[in-house]
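Engineer: Can you build the whole structure from these sequences, using the hints too?
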Amino acid sequence: MSVLQVIRADGILTVQDLGRPGHIGQGLSRGGAMDRLALIEAAALLGQSTVQAGIEMAGAGGVFTVDQPMRIALTGAPMTATLDGAPLGWQASHRIEPGQSLRISGAQSGAYSYLTPAGGLTTPDWLGSRAAHLSIGIGAVLKAGARLPVGTDPDPEAPSRTIAVANRFAGGTVRIIDGPQTAIFSDEVLAGFATTSFTRAAHGNRQGVRLDAEARFTAGQTGIASDMVQPGDLQMIGDGVPYVLLAECQTMGGYPRIGTVIPTDLPLIAQAPPGARIRFLRVGLDQADGLYRNEAQLLREAASRCRNLVRDPAQMADLLSYQLVGGVTRGDELEEMECRSI
Amino acid sequence: MEAEPHLTPEALPAGIDGVLVRFALTPEPRAMAAAQMLAAELDRQAPPGVTEIAPGLVSVLLRFDRGTVQRAALAQLVLTRARAIAADPPALPAPARRWTIPAGFGGEHGPQLAEVAAAIGASEAEAVEQVCAADLRVLTIGYAPGQPYLGLLPEPWNLPRMSALNPRVPAGAIVAAVRQVVMFTADSATGWRQIALTGFRAFDPARSEPMPLKPGDAVRYAPVAASELPALIASGDGLGGARLEVLA
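Chains as they are written, first to last, in the working numbering: chain A, 1 to 342; chain B, 1 to 248.
Don't take each hint at face value.
[Unchecked claim] Each pair of labels, with its calculated beta carbon distance range:
no., chain 1, residue 1, chain 2, residue 2, range
1, A, Thr222, B, Pro230, 38 to 46 Å
2, A, Pro149, B, Leu244, 46 to 54 Å
3, B, Ser235, A, Pro124, 20 to 28 Å
4, A, Gly284, B, Pro170, 42 to 50 Å
5, B, Pro170, A, Gly128, 42 to 50 Å
[Claimed, not checked] Beyond 12 Å from chain A on every Cβ pair, some chain B residues (computed):
no., residue
6, Ala96
7, Ala125
8, Asp135
9, Pro154
10, Glu228
[As the list claims (entries may be wrong)] Which residues of chain B face chain A? A partial, calculated answer using Cβ under 7 Å:
no., residue
11, Ala54
12, Ser59
13, Ile141
14, Pro205
15, Pro215
Honestly, the hints are just simulated from the structure, not real lab data. Remember, it's a predicted structure, so these values are computed and weren't measured experimentally. Virtual Cβ for every residue (Gly too), placed ideally from N, Cα, C.
Structural biologist: Here is the structure:
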């Protein structure tokens with residue numbers, strides 16, 4: 001068994017995977033990574049067929065070492081990473097040797113970053129998941145000195161890879177679908193909501209984030225019975241301030257909900273840093289259904305966006321044909337340049 | 001008897017892989033019973049592709065596997081069942097399991113029992129008798145893992161929440177409001193009134209069954225003397241001397 005050791009923890013570091021679905025009826029939300037896509041992208045970079053547990057880093061990283069050679073993936077909100085002082089690309093996988101010091105500093109944009117070892121963290125699980133669920137006392141924030149067991153790397157000699165990712169780290173337009181309570185809001189309120197630009201508030205955590213605007217969005221009806229809520233739901237607190245529920249939300253709520261963020265766009269909300277601008281676009285169920293991808297599909301798509309970081313001649317031929325022969329570029333070469341490993 | 005409004009169930013989208021069947025927007029007792037009935041029926045015979053069934057107070061949430069079933073087809077199927085239940089004045093379904101949970105009422109374990117008894121026009125002893133005689137069911141579990149909302153108490157118990165919060169009630173506290181009882185899983189602030197205390201912990205992550213209660217379970221409280229409670233609370237399994245009978 002290999003070990004990934006936390007030498008210094010600067011941000012809020014927790015073990016996260018895709019959470020524990022299936023317990024809503026018992027009052028337990030799924031939890032898991034705030035940016036699920038980032039963990040899927042880590043699995044793609046490491047060539048893994050299932051999504052593994054990694055360290056979620058909120059705001060800042062820390063210093064890490066390994067006791068055996070280990071591949072790791074760095075995904076999610078871009079942070080500055082160095083290995084014994086030499087810069088490492090983000091959205092990429094790298095090999096780390098014992099004795100080397102992996103130093104990860106603050107996020108350049110976004111909110112949640114992921115350090116995932118090949119083979120995944122194999123910390124003890126609870127109800128089929130290793131994810132910390134801080135609001136109910138499952139798992140804990142990682143401290144300096146934490147020694148995290150790591151599973152077997154299926155392909156230790158695999159080259160370093162990089163993945164092209166859409167910029168979901170600075171706010172933007174988020175698509176929502178109607179939920180069970182959308183109809184209790186008036187057409188005027190719904191129209192106003194659609195034309196308002198919100199600011200991601202400083203107030204937020206793994207349960208949800210508040211969005212600020214001058215306008216208020218209140219439901220027409222009071223005294224409604226509490227019912228089931230889930231990540232992505234947009235609930236109106238107090239006199240109509242939206243709060244987007246995220247991974248560790250409660251399972252039941254009494255505040256009126258105007259709609260639900262579609263899963264494709266939920267990482268954008270989770271990653272919006274305080275101050276980022278957010279707008280909402282109400283789309284039909286058919287359109288949302290068309291955009292939906294399950295985890296296996298997302299992993300396949302992420303794998304197709306990966307390529308080798310070290311460009312050996314065989315890979316070079318492929319890259320050249322990909323970029324030049326067709327006369328078009330993919331538009332993400334710059335990101336790849338920034339991601340280049342040393 | 002006053003005519004009650006007809007229940008008109010709706011099937012509504014609840015996220016990309018969910019359907020919520022709702023019997024009413026407000027917490028009407030008939031809608032609560034109908035939701036219980038539908039959840040129990042779906043539990044016995046889950047439609048194809050349904051991965052999760054979670055009863056709320058007046059609604060049932062179904063999550064489905066999008067590869068197996070389409071939202072519209074599932075919504076139609078469940079709505080048909082919901083309408084059949086709504087057409088007959090629904091009664092609570094027969095419970096599959098019953099918990100008997102020892103509880104210490106009044107005094108330091110139920111500091112607001114006297115206040116509640118006065119509000120429902122009963123003596124403290126009569127109020128305890130009414131709670132212990134009530135055919136309580138786990139209507140829904142939520143707010144915190146494992147934490148049950150139990151109901152319904154007799155109509156006089158339709159007491160509003162307090163305007164000020166109880167700053168702290170302990171884990172295991174039985175609190176009452178709006179004809180329901182909540183048994184807290186952890187120390188909490190609440191606008192509901194504490195009438196009793198149990199040694200029952202409805203959530204303990206270290207236990208093999210962290211969340212032992214299921215929606216639809218029957219719950220009966222058995223009064224015990226204040227002096228007996230500490231031993232029940234200290235009992236090893238964290239269930240405070242509760243007994244579970246499987247009825248069906």
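Engineer: Would you pick out the hints that fail for this structure and give their numbers low to high?
Structural biologist: 2, 5
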